[in-house]
Each structure stands twice: as structure tokens, then as C-alpha cells.
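Chemist: Here's the letter readout for the chains.
There are 2 protein chains.
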Amino acid sequence: MTQEKMQVDKHIFQRFDEELTALLDRLLEMGGLVEKQVADAVRALIEGDTELASAVLANEEQVDDLDVEIDQMCVRLIAIRQPTASDLRLVLGISKSVLDLERIGDEANKIAKLTLQLAEQMDAPIEIGYVSVRRLGQKVNDMLKSVLDAYGNFDAEATVGIARNDDQLDEEYQNSTGELIAHMKEHSSSIASLLNIVWALRALERIGDHVENLAEHLIYTVKGIDVRHHNLAEIQHQIDRK
Amino acid sequence: MTQEKMQVDKHIFQRFDEELTALLDRLLEMGGLVEKQVADAVRALIEGDTELASAVLANEEQVDDLDVEIDQMCVRLIAIRQPTASDLRLVLGISKSVLDLERIGDEANKIAKLTLQLAEQMDAPIEIGYVSVRRLGQKVNDMLKSVLDAYGNFDAEATVGIARNDDQLDEEYQNSTGELIAHMKEHSSSIASLLNIVWALRALERIGDHVENLAEHLIYTVKGIDVRHHNLAEIQHQIDRK
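The listed protein sequences correspond, in order, to chains A and B.
Residue numbering for the first sequence follows the numbering used here, starting at 1 and increasing by one per position.
Residue numbering for the second sequence follows the numbering used here, starting at 1 and increasing by one per position.
It is possible that part of the hints are untrue.
Identical chains share a label here; the pair holds if one copy fits it or two copies do between them.
Cross-link-like lysine-lysine pairs, in silico, DSS-like; alpha carbons within 27 Å at most [said to hold, decoys possible]:
no., residue 1, residue 2
1, Lys-96, Lys-145
2, Lys-145, Lys-36
3, Lys-36, Lys-110
4, Lys-223, Lys-96
Hint data in this document are derived by calculation from the structure and do not stem from the laboratory.
Please put together the full structure from these sequences, using the hints given.
Modeler: In C-alpha cells, the structure reads:
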């Protein structure tokens, strides 16, 4: 290989690495934005802050723009650079992660809309509902932060704990919903607003599912294991064998 | 180009086309399976058929297997054949469609689980709920059938009507849920089973969203337009301009 040819190759690979890094940076930027949307939506609901809820809805466009932009970056990268093996896995993993981040953004929007509905409902809100939203909201935000940190550090091991957290979240969601249903039976005039709290809890539970998907995409990207439809013990076993 | 070289190239392209066709066939197979899962889950709920509900849950594994298999086919195709332009769009579009089909399968499972819960609940079911499930279930199944036919014929135009149907579905979902909430206030002893009907309606509404996603993936695949986050009029305008 001539000196000149080697220079050109090196240049191509450097540019490819730069593009991959730029892609991951954009994903983390989108992640940070979505994380803020979730935190703001939960705070808006708990504090009955309709102004903050409207701000969350107004930011939707920004999330959507990033979604389309990152997706186009992925397609361009595959078409032009034709990555193979781990680089291809990275691009495809990011392409799927974008979908989950976008849907987390959708769930944050739903919570913001519920906040506006709750503000218009005349029946007295019941404290127990807000306590559950605060608790599940905190948990979901911690999970989302962890998974984004794991992406930033490219650390697949860090995500095993996240899947375990999602199981706890599902259990808390079931318990909280059960409590609220019991309350409905005794306070039938508050059913509409209690149901809105249930919808908000369900949105949080779904965000937890998307965080788990994000963790799976990262494991796939880093380790090349497809972990969907396996339980935690199997995943741990597969990671240990790598 | 020598005669021999041309033969080899032709052979390579033929194999690539065969692989793309096989990929699309697998997607349609998965679509057919998921369509049956949704129809069976809705019928199980309406008829209180716990045996059929259990059969839906047992078939989940088959859907999951196809999901992983098609996804691996997509990755292999990109890595080995390095498709560009419309072929790459097709593979990436299929890779995203698989995610939506898998999630439609998840929603069918939820409806099956709700059927089992409803069978254990002692409070009398309310007819109005079943009427709504039947109506929305029929609509969702028609939409799913249409979008799979559109995939089979590679007909992006056929999907514009689907997005319109999803708007109608959302409206019917809102009305039906409103009716059920009104009933809850008057029949507080039936709240738990009425809520299970509401969850089933919500699962159907989400399936409608996934059908709309499938339509968007197909438009992207065929036309190269990213139609997410645009309204119907804009999409029609963009298709007309192509």
C-alpha cells in the first residue's frame, strides 16, 4: 500500500469515528431533553402547574426534530460508510434507541395533558394519587438517568440493575393502581380525576418499559447479544460468558 | 466486463433480490400471526373464552421468535450485501415494522390477560363495555388487515386512508371510555371490571397507533419520505409531488 493510499484510508476511518461519535452525542442530547420532559411533566402534575405542563407540550417539536435528524444520520452513515460488525450494531442500536426515546417523550406529553385536564376538573384531588405519582416519577427518572449514563460510558453491565428496577416499578404500579381503584369505589364523585392519576401512573410504567428497551439496545450494541424475550438471569449468564 | 463477470454479478443481484423477498415474506408471516392474535384476543374477551385467551398467551413465543429471526435477517443483509438507496430503505423499514408488529402482539397479550382477570371478577360485566370492545376490535382488525395488504402489494397510497381511520378510532375510544366512566359513577361495585374493559379499549387504541406507524414505515420504504410528525394533508401533498 502506498503512503498516499494509507493516508486516505486513515482519513476515512477518522471521519467515520467522528461521525459515530457525533451520532452518539446527538442521541445523548435527545436523551437529556426527554429526561427533562419527564421530570417537568411529573412536577407539573404534582404541583398542578399548568404553565409548566404547557411548556412540556411546546417542547415536543424539539424532541421530534431530533428524532428525525438522528434517524437520517443513521441511514446516511449506513449508506455511505457501509459499516460492518460492531459499527453496524452501534448504528442500528442507536436507530432503535431513538424510537424508544421518542415514545418516552410521548408519554411525558400525555402526563402534561392529564395535568391540564386535572386542573379543569372540579372534584377534589386525592392526596394518595399524588404521592404515588411522585414516588413512581422519581423511580422512573432515576432509571432513565442510569440508562443514559450507561450509554455515555458504553457500559452494558450497568444496565442489568435497570431491568431489575423495572420489575419493582411494575409491582409499585400495580399496588398504587389497586389503591386508587379501592378509593374510587368509596369516592365515586372523584372517579374522573382519580382515573387521570391512574393514566399518569400508567404512562410512567410505560416509560419504565422503554427504559428497559434502551438497556437491551445498549447490551446488543456493546455485546452483540439479542436479549429481548429473555429473563434477567439468562441475560446475566450471557454477559458473563462474553 | 467479461461474460463470466456479468454472470457472477447477475447471480449476486438475484440472490439479493431473493433474500429481500424472503425478508418481506417473513414480515408478512409475522403480520398474519399478529393479526390472528388480535382477532382471537378480542373474541376471547367478548365471549369470556378463557381457553382461547390462554391460547393467545401461549402463541406469544412464536411471535417473539419471528421478531428475533427477522431482525437478525435484516442485520445480516445489511452487513453482507451492503444495500444502498431503496434497498437499504426497505431493510430499515422492515426492521422498524418488526418492532411495531411485536408491540401489537404485546397488546393482544394484554387483552388476553384482561380476559382471564374478568373471568375471575365476581361483579356483573356491563353490556355496553363489550359492545365497545367489539366495535373498536373490528375497526382495529380492518386497519391491520389493510396495512398488511398494502405491504404485500407495496402500495404506499393505500395507507393514507389508514391514518384517517386511526383518527376515527381515537375519537371512538374517547367516547367509549367516557361512557364507561359515567357508568362507573353509577355502578361503583363494578368499577374493577369496568376498568378492565377500559384497559382493553386502550390496548386497541394503541394497536391503532402501531398500525399508523406501520403505514409510515411503508411510505418511507416506498417513497423515501419521512412522514412522522406530519399531518395527513402534508403527507398526501408530499406523495402527490413524487
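Chemist: Please flag the earlier hints that this structure goes against, numbers listed from lowest up.
Modeler: Checked against the structure, no hint fails, so every one of them is satisfied.
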